[in-house]
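K.L.:
When you get a sec, could you build the whole thing from the sequences and use the hints?
One letter stands for each residue in the lines below.
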Amino acid sequence: MDLKDLYQDIIVDHNRSPRNFRRLADASHQAEGFNPLCGDKLNLYLDIDDGGRIRDIGFEGSGCAISIASASLMTDAIKGATEKEAHRFFEAMHDMLTGDAAADVEMLGKLAAVAGVRAFPSRVKCASLCWHTLNAALDETPAAVSTE
Amino acid sequence: MSTPALETTSFDVADVRRDFPILNQQIHGKPLVYFDNAATAQKPIAVLDTLQHYYREYNANVHRGVHTLSEHATAAYEGARDKVASFMNAPSRREIIFVRGTTEAINLVAQSYARPILKPGDEIIVSRMAHHSNIVPWILLRDELDIELRVIPINERGELELEVYEQLFSPRTRLVAVGHVSNALGTVNPVERIVATARKHDVPVLIDGAQRAPHAAIDVQALDCDFYAFSSHKAFGPTGVGALWARENLLETMPPYQGGGEMIKMVSFERVEYNDLPHRFEAGTPNIAGAVGLGAAIDYLNGLGYERIGAWESQLRDYATERLSEIPGLRIIGTAAEKVSVISFVMDGIHPHDLGTIVDHEGIAIRTGHHCAMPIMDYFGVPATARASLAFYNTLEEIDRLVDALTTAREVFA
Chain X
1 MDLKDLYQDI IVDHNRSPRN FRRLADASHQ AEGFNPLCGD KLNLYLDIDD
51 GGRIRDIGFE GSGCAISIAS ASLMTDAIKG ATEKEAHRFF EAMHDMLTGD
101 AAADVEMLGK LAAVAGVRAF PSRVKCASLC WHTLNAALDE TPAAVSTE
Chain W
1 MSTPALETTS FDVADVRRDF PILNQQIHGK PLVYFDNAAT AQKPIAVLDT
51 LQHYYREYNA NVHRGVHTLS EHATAAYEGA RDKVASFMNA PSRREIIFVR
101 GTTEAINLVA QSYARPILKP GDEIIVSRMA HHSNIVPWIL LRDELDIELR
151 VIPINERGEL ELEVYEQLFS PRTRLVAVGH VSNALGTVNP VERIVATARK
201 HDVPVLIDGA QRAPHAAIDV QALDCDFYAF SSHKAFGPTG VGALWARENL
251 LETMPPYQGG GEMIKMVSFE RVEYNDLPHR FEAGTPNIAG AVGLGAAIDY
301 LNGLGYERIG AWESQLRDYA TERLSEIPGL RIIGTAAEKV SVISFVMDGI
351 HPHDLGTIVD HEGIAIRTGH HCAMPIMDYF GVPATARASL AFYNTLEEID
401 RLVDALTTAR EVFA
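So the sequences go chain by chain: X and W. Following the numbering used here, the numbering of the first sequence begins with 1 at its first residue and continues without gaps. Following the numbering used here, the numbering of the second sequence begins with 1 at its first residue and continues without gaps.
Heads up, none of these hints are tricks.
Straight line, CA to CA, 20 Å or less: simulated DMTMM-like cross-link-like pairs of lysine to aspartate or glutamate:
hint: 1; chain 1: W; residue 1: Lys30; chain 2: W; residue 2: Glu362
hint: 2; chain 1: X; residue 1: Lys41; chain 2: W; residue 2: Asp378
hint: 3; chain 1: X; residue 1: Lys4; chain 2: W; residue 2: Asp360
hint: 4; chain 1: W; residue 1: Lys265; chain 2: W; residue 2: Glu78
hint: 5; chain 1: X; residue 1: Lys79; chain 2: X; residue 2: Asp47
hint: 6; chain 1: X; residue 1: Lys84; chain 2: X; residue 2: Asp47
hint: 7; chain 1: X; residue 1: Lys79; chain 2: X; residue 2: Glu106
hint: 8; chain 1: W; residue 1: Lys30; chain 2: X; residue 2: Asp5
hint: 9; chain 1: X; residue 1: Lys125; chain 2: W; residue 2: Asp360
hint: 10; chain 1: X; residue 1: Lys84; chain 2: X; residue 2: Glu106
hint: 11; chain 1: X; residue 1: Lys84; chain 2: X; residue 2: Asp49
hint: 12; chain 1: W; residue 1: Lys265; chain 2: W; residue 2: Glu252
hint: 13; chain 1: X; residue 1: Lys4; chain 2: W; residue 2: Glu362
hint: 14; chain 1: X; residue 1: Lys79; chain 2: X; residue 2: Asp104
hint: 15; chain 1: X; residue 1: Lys4; chain 2: W; residue 2: Glu411
hint: 16; chain 1: X; residue 1: Lys41; chain 2: W; residue 2: Asp348
hint: 17; chain 1: X; residue 1: Lys79; chain 2: X; residue 2: Asp56
hint: 18; chain 1: W; residue 1: Lys119; chain 2: W; residue 2: Asp143
hint: 19; chain 1: X; residue 1: Lys125; chain 2: X; residue 2: Asp95
hint: 20; chain 1: W; residue 1: Lys30; chain 2: X; residue 2: Asp2
hint: 21; chain 1: X; residue 1: Lys4; chain 2: W; residue 2: Asp404
hint: 22; chain 1: X; residue 1: Lys84; chain 2: X; residue 2: Asp56
hint: 23; chain 1: X; residue 1: Lys79; chain 2: X; residue 2: Glu32
hint: 24; chain 1: W; residue 1: Lys200; chain 2: W; residue 2: Asp224
hint: 25; chain 1: X; residue 1: Lys79; chain 2: X; residue 2: Asp139
hint: 26; chain 1: W; residue 1: Lys265; chain 2: W; residue 2: Glu248
hint: 27; chain 1: X; residue 1: Lys125; chain 2: X; residue 2: Asp5
Rather than coming from a laboratory, the hints here were simulated on the basis of the structure.
P.N.:
This is the structure in structure tokens:
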């Protein structure tokens, strides 16, 4: 296992210049993720329209290169996707990170760069923190949808 | 930079390393550099052999049987207590309680000493530099009993603010609980002065000595403290055992910590008569092998001698500090005047967890994270640090290896 498999150029790049690294003032969904073991923190903001499409997404937080890059790649991947598609991304990532099932690599695209963590078991949680945070944000029933 | 010529020293580190077989292995194809000694130290052959000998030759329960093995095991277990008493310079072996480790020792003092005497509004002085194990037991009491915690602050060098400490006392102060050496920063606290101040106010002092025992001698009589705890596993002994020293007159007033076998003289449903010290505080079958192994670790440390250990570790600390300081963008967290060979640091643009993974790839084990000392991380405004904690079996060449690996890390993130 080479270090470059973990710290691929795309990971280093997304760590140095995270995409969508901002708070959304008008988020319809949000969640906070925290890894008490290492202190990584993540705030995720989503703006989802009435049709269930993720119009905008942003995050803030602090963490290692893996967690920041994973979150950055995630926001790029699911911006413009529907909630349903976001759930499918989550499943594909879960499959890839746990290795329990063959992952849909084609669907994952750039997200597959994160796969290097599988060789570093203590770092898998760094990559999955943002995805669990996304799940928490999506599961929260948005007041606008249920009341209008 | 090449390794400087060694000063003449009576410490033969190559010879000492042969006592630690675990050090002789490859990690990711590179010789292991073990720099995570503040988390747990490696064990010399003498300790490993003692454990094996105990289980192979005389494993039996203590203080129970009249049979030969039980008498042998009891003699070894109580012999280990004598060694610990001497190791801490305790006035009496009756004052040595075997516990699971420092954490349990502190919880024992919190529950059996402090809890029965505390009234709402009473105060306990703790420190911002403490390990969580010397914070959370007091928070549990605070939340249950409505007492107040007064916290000794630290300065930018990672030293306790003693002038502030001296102002924290009030007529309601019931206990001072401080660490001797900081696990996260390496700071050696002036515990003699801390105890002397508390004495003036007639307040007892508990000292967490978990990070002291690996580096220097413990002398509870010279310190004049009231409770002192350390863990075997950080001092080259087995995991799962440690010792609490407490003044006999305090132990005599304290109710038992846990109930069970061993800690009683007589039990009926009407009445229980508790055992004498120290057994009153050791309910259940103790960690016999662990205690005997700790005794072997103490023998080993005595054989090396803390003076020689200290002299070598000072060289390691100074060389590591100098070499790490040369790395651009590296900042050492904790620059106290008095430090052991524990160095915490951060690097610009590289999270400590990434550093940990990258240097592990070079065969080097360091700790990264908050070191169970989140209030310290908050003070320095960092989520985590990388920590190289060195023991007497470490070498100057290993420090060079770490410096090279950190340089590699800069390249990965360049």
